[in-house]
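As a plain string of letters, each chain reads:
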Amino acid sequence: EAGVTQFPSHSVIEKGQTVTLRCDPISGHDNLYWYRRVMGKEIKFLLHFVKESKQDESGMPNNRFLAERTGGTYSTLKVQPAELEDSGVYFCASSPYRDRGRRGNSPLHFGNGTRLTVT
Amino acid sequence: GEDVEQSLFLSVREGDSSVINCTYTDSSSTYLYWYKQEPGAGLQLLTYIFSNMDMKQDQRLTVLLNKKDKHLSLRIADTQTGDSAIYFCAENSRDDKIIFGKGTRLHILP
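So the sequence lines, in the order shown, correspond to chains A and B. For what it's worth, our numbering labels the leading residue of the first sequence as 1, then goes sequentially. For what it's worth, our numbering labels the leading residue of the second sequence as 1001, then goes sequentially.
Chain A on its own, in the form it takes in the complex:
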């Protein structure tokens, strides 16, 4: 089974430019998550899709970040305009559908991440 794939693996852009990150989850996984790790800090939750719907976007830093998952398959995360503090590694993860009546996620499968550097 193919794992979670992310593209690009690295991106270097100038402040003010736009960047779009892509994530292809494991086939059949309804849950898709975006996380971010800024240098030396925790891996922070950004948002969670269930199929094409945004389940929770409470971790999105501000309105410069836009995530989409049209059709419930792959997802994109756009940063526009990028700022210096947006630099970090952006991880995508997926997991199968979980019965909402049960507490606790099935373990997340992560991609290799996109390392974003804003100069």
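Be aware that a few hints might be false.
What the hints assert, rightly or not - What follows is a list of derived Cβ distance ranges for each label pair:
#1 B:Gln1044 to A:Val38: 19 to 29 Å
#2 B:Leu1109 to A:Val12: 29 to 39 Å
#3 A:Thr119 to B:Ala1077: 39 to 49 Å
#4 A:Met39 to B:His1071: 19 to 29 Å
#5 B:Val1019 to A:Lys41: 41 to 51 Å
#6 B:Met1055 to A:Gln80: 40 to 50 Å
#7 B:Asp1003 to A:Lys54: 24 to 34 Å
Claimed, not checked - No farther apart than 30 Å at their CA atoms in a straight line, the calculated lysine-lysine pairs in the DSSO-like style are these:
#8 A:Lys78 to A:Lys54
#9 A:Lys41 to B:Lys1056
#10 A:Lys41 to B:Lys1102
#11 B:Lys1102 to A:Lys54
What the hints assert, rightly or not - Some, not all, of what chain A presents toward chain B, calculated at C-beta under 10 Å:
#12 Phe7
#13 Gly40
#14 Cys92
No lab work stands behind these hints, which were simulated from the structure alone. Keep in mind the model is a prediction, meaning the values are calculated, not measured. Ideal placement from N, C-alpha and C gives every residue a C-beta, glycine not left out.
Using the hints provided, position chain B relative to the given structure of chain A.
Positioned in the frame of chain A, the structure of chain B alone reads:
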């Protein structure tokens, strides 16, 4: 609020055991996880434990959970150079997000 704490660095001699410790805050977490990140790679799920267990063993890995103290540890027996990585402790949050610690960088000494 929810928080996961772990030490940032650990140095261990090759062949010795490594013990990485973690404390968490959400006593209602159902699952607790250990993820491993090797240089240039993504987050690999190493192991996880249900909150109703106090120990889980998988080959060289032993996870111990002290639910009363909200303390989780990962022991790696016979540490090898290939174990050099960042190890992240993580818990379920109340709203079902996964909360990560800052990661412990494990350095192997020859």
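Hint by hint, here is what the structure shows:
1. Restraint check, Gln1044 of chain B to Val38 of chain A: a C-beta distance of roughly 21 Å satisfies the suggested window 19 to 29 Å.
2. Between Leu1109 of chain B and Val12 of chain A the beta carbons are some 34 Å apart, a value that agrees with the proposed interval 29 to 39 Å.
3. Checking the proposed 39 to 49 Å range against Thr119 of chain A and Ala1077 of chain B shows it holds: the Cβ atoms sit about 44 Å from each other.
4. Judged by the Cβ atoms, the range 19 to 29 Å given for Met39 of chain A and His1071 of chain B holds: they are separated by roughly 27 Å.
5. Under the hint 41 to 51 Å, the C-beta atoms of Val1019 of chain B and Lys41 of chain A, about 24 Å apart, miss the expected range.
6. The supplied range of 40 to 50 Å is met by Met1055 of chain B and Gln80 of chain A, whose beta-carbon atoms lie about 48 Å from each other.
7. The beta-carbon spacing between Asp1003 of chain B and Lys54 of chain A, approximately 25 Å, falls within the hinted interval of 24 to 34 Å.
8. For the hint pairing Lys78 of chain A with Lys54 of chain A, the CA-to-CA distance comes to about 15 Å; that is within 30 Å, so the pair holds.
9. A threshold of 30 Å between alpha carbons decides the hint, and for Lys41 of chain A with Lys1056 of chain B the separation of about 28 Å falls inside it, so the pair holds.
10. Distance restraint check for Lys41 of chain A and Lys1102 of chain B: the Cα-Cα separation of roughly 5 Å lies within the 30 Å cut-off, and the hinted pair is therefore satisfied.
11. Restraint check: the Cα-Cα separation between Lys1102 of chain B and Lys54 of chain A comes to about 26 Å, which is no more than 30 Å; the hinted pair holds.
12. At a threshold of 10 Å, the smallest CB-CB gap from Phe7 of chain A to chain B is about 13 Å, leaving the interface hint violated.
13. Because the smallest distance between the Cβ of Gly40 of chain A and any Cβ of chain B comes to about 7 Å, under 10 Å, the interface hint for this residue holds.
14. This hint holds: Cys92 of chain A has a C-beta 9 Å from the nearest C-beta of chain B, less than the 10 Å allowed.
Of the numbered hints stated above, those contradicted by the structure are hints 5, 12, listed in ascending order.
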